[in-house]
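Participant: Residue numbers (our numbering): 1 to 401.
One or more of the hints may lead you astray.
[Stated by the list, open to error] The calculated DSS-like cross-link candidates involving lysine-lysine, where the alpha carbons are at most 30 Å apart (straight line), are:
#1 K115 / K99
#2 K216 / K29
#3 K259 / K345
#4 K115 / K19
#5 K236 / K345
[Claimed, not checked] Label pairs and their in silico Cβ distance ranges:
#6 F42 / T139: 43 to 51 Å
#7 R401 / K115: 45 to 53 Å
#8 S133 / V188: 32 to 40 Å
#9 S385 / K115: 46 to 54 Å
#10 F210 / E262: 14 to 22 Å
#11 K378 / N131: 55 to 63 Å
#12 K115 / D14: 31 to 39 Å
#13 Y329 / E242: 32 to 40 Å
#14 E375 / F210: 23 to 31 Å
#15 P171 / K111: 13 to 21 Å
#16 Q100 / P51: 45 to 53 Å
#17 G75 / K326: 29 to 37 Å
#18 L384 / K27: 16 to 24 Å
Read the hints as simulated data drawn from the structure, not as lab findings. All C-beta atoms, glycine included, are put in the ideal place defined by N, C-alpha and C.
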Amino acid sequence: MVLNITDYNYDLPDDRIAKYPVNQRDKSKLLIYQNGNISESFFSEIADFLPEKSLLVVNNTRVINARLIFEKQTGAKIEIFCLKPLGPADYEHALLADKQCQWECLIGNFKKWRKEDVLVKSILINDIQINLSAKIIETSENSQRILFSWDNDQIIFAQILNTAGELPIPPYLHRKTQRNDLIDYQTVYAQIDGSVAAPTAGLHFTDSVFNSLKNKHIQLGEITLHVGAGTFQPVKTQNALEHTMHEEVFSVRKKEIEKLFENLGKITAVGTTTLRTLESLYYIGCQLFENPNQNNFFVSQNSPYEKKHILTAAESLENILIFLNKNNYTHIAARTQIMIRPEYKFQFTDSLITNFHQPRSTLLLLVAAFVGQNEWKKIYNYALSHDFRFLSYGDSSLLKR
Numbered sequence: 001m002v003l004n005i006t007d008y009n010y011d012l013p014d015d016r017i018a019k020y021p022v023n024q025r026d027k028s029k030l031l032i033y034q035n036g037n038i039s040e041s042f043f044s045e046i047a048d049f050l051p052e053k054s055l056l057v058v059n060n061t062r063v064i065n066a067r068l069i070f071e072k073q074t075g076a077k078i079e080i081f082c083l084k085p086l087g088p089a090d091y092e093h094a095l096l097a098d099k100q101c102q103w104e105c106l107i108g109n110f111k112k113w114r115k116e117d118v119l120v121k122s123i124l125i126n127d128i129q130i131n132l133s134a135k136i137i138e139t140s141e142n143s144q145r146i147l148f149s150w151d152n153d154q155i156i157f158a159q160i161l162n163t164a165g166e167l168p169i170p171p172y173l174h175r176k177t178q179r180n181d182l183i184d185y186q187t188v189y190a191q192i193d194g195s196v197a198a199p200t201a202g203l204h205f206t207d208s209v210f211n212s213l214k215n216k217h218i219q220l221g222e223i224t225l226h227v228g229a230g231t232f233q234p235v236k237t238q239n240a241l242e243h244t245m246h247e248e249v250f251s252v253r254k255k256e257i258e259k260l261f262e263n264l265g266k267i268t269a270v271g272t273t274t275l276r277t278l279e280s281l282y283y284i285g286c287q288l289f290e291n292p293n294q295n296n297f298f299v300s301q302n303s304p305y306e307k308k309h310i311l312t313a314a315e316s317l318e319n320i321l322i323f324l325n326k327n328n329y330t331h332i333a334a335r336t337q338i339m340i341r342p343e344y345k346f347q348f349t350d351s352l353i354t355n356f357h358q359p360r361s362t363l364l365l366l367v368a369a370f371v372g373q374n375e376w377k378k379i380y381n382y383a384l385s386h387d388f389r390f391l392s393y394g395d396s397s398l399l400k401r
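Could you put the whole structure together from the sequences, leaning on the hints where they help?
Facilitator: Structure, rendered in structure tokens:
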């Protein structure tokens with residue numbers, strides 16, 4: 001099978017890419033797509049377009065200050081972009097590390113860093129002076145394994161990033177991180193540190209919007225998926241099926257699984273990261289059906305297409321709840337590489353709130369799968385011709401299947 005990526009291309013002028021957000025989050029424009037019809041409003045009115053007594057699911061991940069700048073004695077600056085923890089391998093323990101930790105990183109100006117060189121950066125944290133060292137442990141084609149170590153075990157790595165790191169705004173903004181980005185590039189409900197990119201569909205929400213949702217008895221659900229830098233990676237292969245999806249870590253608490261079960265048929269996902277997590281849950285339930293004793297979960301990019309899956313959405317969630325109850329677990333954790341593309345059968349997501357995505361991207365493939373091959377073009381043509389702003393700081397859409 002061939003999925004030609006040129007069929008998911010469109011002309012995006014640079015002046016349509018929002019370099020900054022609107023002054024008030026919920027005053028961004030909102031495109032509404034339903035039953036082939038397009039209308040528009042403002043995000044502050046989103047509750048008017050969602051069903052009463054439904055479930056809205058958000059991604060509560062928080063963007064970390066993942067960029068660290070070191071300067072060599074020669075004056076050359078080396079940028080280390082922390083992608084994901086490797087030792088300890090989970091975000092919580094890596095950020096709580098008090099002596100050393102290892103991360104998969106991208107290196108800026110890598111040619112200036114010889115493998116035997118140890119970079120050192122002096123940092124003042126709460127009146128405590130520490131020396132942070134960075135050493136190359138292993139090099140691969142696309143990234144490097146870096147060992148960070150520091151000389152005071154009263155300081156944890158999260159403090160180092162918060163003090164000395166920079167927030168990594170998207171590369172297509174073509175500007176440096178500014179003070180306002182520290183607030184603007186986080187959702188108001190961000191809680192769990194770990195992302196290197198914001199779940200940008202959530203940037204439009206405000207307390208006022210949540211109050212309007214509450215008035216319609218719309219429940220709030222939460223998942224946690226730490227967004228990786230791969231979210232910005234374009235599809236470079238002509239056949240999109242040959243593209244290798246990036247892998248991300250997520251977790252969902254038991255009480256949130258129960259909310260999903262109770263609200264099947266009326267679930268709105270806020271953002272593609274939330275949708276990817278929800279849909280990945282279905283295949284975890286299928287894995288548990290085949291092996292109830294499984295305890296390590298991974299959803300590959302081709303899991304939805306490799307064989308016919310016979311479980312209903314409800315049966316899949318039941319398997320997860322049985323697993324959690326049997327093991328007295330409070331949440332399910334997994335890795336996902338799921339690729340949602342045309343021909344995908346959606347299990348949990350009835351409506352999607354999402355921004356407007358880059359041409360030739362896996363996110364655009366996801367949108368096309370959700371609304372249809374011809375419909376995504378109609379939606380994007382409308383947005384381009386009606387002054388909608390694109391990408392992370394841009395406007396949003398509410399898409400209904």
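Participant: Indicate, hint by hint, whether the structure satisfies it.
Facilitator: Against the structure, the hints come out as follows:
For a cut-off of 30 Å, the pair hint linking K115 to K99 stands: about 22 Å separates their Cα positions. With a C-alpha separation of about 21 Å, the suggested pair K216 and K29 falls inside the 30 Å cut-off, and the hint holds. For the suggested pair K259 and K345, the alpha carbons sit about 21 Å apart, so the restraint of at most 30 Å is met. This hinted pair does not check out: K115 and K19 have alpha carbons roughly 36 Å apart, beyond 30 Å.
Taking the CA atoms of K236 and K345, the gap is about 25 Å. The hint holds against a cut of 30 Å. The supplied range of 43 to 51 Å is met by F42 and T139, whose beta-carbon atoms lie about 48 Å from each other. Between R401 and K115 the C-beta distance comes to about 51 Å, which sits within the given range of 45 to 53 Å. The beta-carbon spacing between S133 and V188, approximately 36 Å, falls within the hinted interval of 32 to 40 Å.
Checked against the hint of 46 to 54 Å, the C-beta distance between S385 and K115 comes to roughly 52 Å, which is consistent with it. Checked against the given bound of 14 to 22 Å, the beta carbons of F210 and E262, roughly 20 Å apart, stay inside it. Taking 55 to 63 Å as the suggested C-beta distance range, the pair K378 and N131 conforms, at roughly 57 Å. At about 38 Å, the CB distance of K115 to D14 agrees with the hint of 31 to 39 Å.
The beta-carbon spacing between Y329 and E242, approximately 37 Å, falls within the hinted interval of 32 to 40 Å. The supplied range of 23 to 31 Å is met by E375 and F210, whose beta-carbon atoms lie about 29 Å from each other. Distance hint for P171 and K111: a CB-CB separation of about 19 Å, consistent with the stated range 13 to 21 Å. Checked against the hint of 45 to 53 Å, the C-beta distance between Q100 and P51 comes to roughly 50 Å, which is consistent with it.
The given range of 29 to 37 Å is broken by G75 and K326, whose C-beta atoms sit roughly 59 Å from each other. Distance hint check for L384 and K27: the Cβ-Cβ separation is about 20 Å, which falls inside the suggested range of 16 to 24 Å.
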